[in-house]
Structure formats: structure tokens, C-alpha cells
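Start from the sequences and build out the full structure, keeping to the hints where you can.
So for the sequence shown, this note's numbering puts the first residue at 8; every next one is plus one.
Be aware that one or more of the hints could be misleading.
Unchecked claim - The calculated label-pair distances, taken between Cβ atoms and stated as ranges, are:
| hint | residue 1 | residue 2 | range |
| --- | --- | --- | --- |
| 1 | Ala-127 | Ser-107 | 31 to 41 angstroms |
| 2 | Ala-62 | Leu-110 | 27 to 37 angstroms |
| 3 | Arg-99 | Arg-43 | 15 to 25 angstroms |
| 4 | Ser-74 | Asp-124 | 34 to 44 angstroms |
| 5 | Phe-103 | Arg-32 | 31 to 41 angstroms |
| 6 | Arg-32 | Lys-104 | 34 to 44 angstroms |
| 7 | Arg-99 | Glu-52 | 16 to 26 angstroms |
| 8 | Glu-34 | Ser-107 | 19 to 29 angstroms |
| 9 | Gln-138 | Arg-32 | 32 to 42 angstroms |
| 10 | Pro-108 | Glu-35 | 35 to 45 angstroms |
| 11 | Leu-116 | Asp-39 | 17 to 27 angstroms |
| 12 | Leu-113 | Glu-38 | 35 to 45 angstroms |
Keep in mind the hints are simulated off the structure, nothing from the lab.
Note that this is a predicted model, so its numbers are computed, not measured.
Just so you know, even glycine gets a beta-carbon here, dropped at the ideal spot from N, CA and C.
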Amino acid sequence: MRRTYLIVLTAALLSAACAATFDFRREELFEDMSKRYGRLIRWSEFDTARPYLAADAPPERASVPASVRVADYEVKQVAYADDMRRTLQTVRITYFKLDSPRLRTLDDLQVWEFSADKGAWFLKSGFPDFQ
8 MRRTYLIVLT AALLSAACAA TFDFRREELF EDMSKRYGRL IRWSEFDTAR PYLAADAPPE
68 RASVPASVRV ADYEVKQVAY ADDMRRTLQT VRITYFKLDS PRLRTLDDLQ VWEFSADKGA
128 WFLKSGFPDF Q
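Put into C-alpha cells, the structure is as follows:
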């Protein structure tokens, strides 16, 4: 009886450890992908950042006006949801338009989802809404 109890306990602990490791890897992958995306946005490389967008991202947020230049990109908050399959990230972006030297700031609420099929995170909310 005691041996069966130890086997079941060991199996449960191993299962929990594997799940925690998987979540850790998913979190690490998100951090890597969101940092790469952030660097591209920071340097106004919107066309290069397009593959980070989810296929079902809102069409009105699938492109950025050519006149937009980003001056600063700062992650303010990250929250994981839905068992590490969705991430909400708030980013403060300072930008300007080529025809106006005025700096503008927006807080972009990004919704990222993990695709198990592709083993990658994709931005569901689309590009920031530069006004």
C-alpha cells in the first residue's frame, strides 16, 4: 500500500514539474518574441514586424502610416491569462509623424496568444493605433 502511494505521489510530482517547465518555456518564448517585436517597432520596422501579427488581427490595425516614426517603446505591465495561453501587455509608445515634430504618446494594450500548432506567440490586437 505504501509503495503504491509513493508511486502515485512521484507520478503526480513529475507531472506537475513537467507542466511547470512547459509554462516556463512558454513564458520564456513570449519574452523573447515580444522583445524582438518591440525592437522592430522601436526602430519603426513595421513591415518586418508584420509576421508577429495573428492572422485574425483586426484589419484596421494591420498597417501603420508610412509617416510614423517611433521614438520610445517601453513595456509597462505584463499579465498572463488562460493557463499561459494568452498574455496582456501594456506598452507606452512615444512617436511622431514626419510632417509634424510634435511627440505623441499612446498606451497600447497588446493581446498575445500562444499557437500550439506553430509553437509561437502572435499579436491578436494588431499594430498600435497611431492617430
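Do the hints match the structure? See the list:
1. Ala-127 - Ser-107: 31 to 41 angstroms: Holds - the Cβ-Cβ distance for Ala-127 and Ser-107, about 36 angstroms, lies within 31 to 41 angstroms.
2. Ala-62 - Leu-110: 27 to 37 angstroms: holds (33 angstroms)
3. Arg-99 - Arg-43: 15 to 25 angstroms: 19 angstroms Cβ-Cβ, so the 15 to 25 angstroms window holds.
4. Ser-74 - Asp-124: 34 to 44 angstroms: Since Ser-74 and Asp-124 have Cβ atoms about 36 angstroms apart, the given range 34 to 44 angstroms holds.
5. Phe-103 - Arg-32: 31 to 41 angstroms: holds (38 angstroms)
6. Arg-32 - Lys-104: 34 to 44 angstroms: holds (40 angstroms)
7. Arg-99 - Glu-52: 16 to 26 angstroms: Because 19 angstroms falls inside the window, the suggested range holds.
8. Glu-34 - Ser-107: 19 to 29 angstroms: Violated - the Cβ-Cβ distance for Glu-34 and Ser-107, about 39 angstroms, lies outside 19 to 29 angstroms.
9. Gln-138 - Arg-32: 32 to 42 angstroms: Because 37 angstroms falls inside the window, the suggested range holds.
10. Pro-108 - Glu-35: 35 to 45 angstroms: holds (40 angstroms)
11. Leu-116 - Asp-39: 17 to 27 angstroms: holds (21 angstroms)
12. Leu-113 - Glu-38: 35 to 45 angstroms: violated (23 angstroms)
This entry does not satisfy hints 8, 12, going by the numbered hints stated previously.
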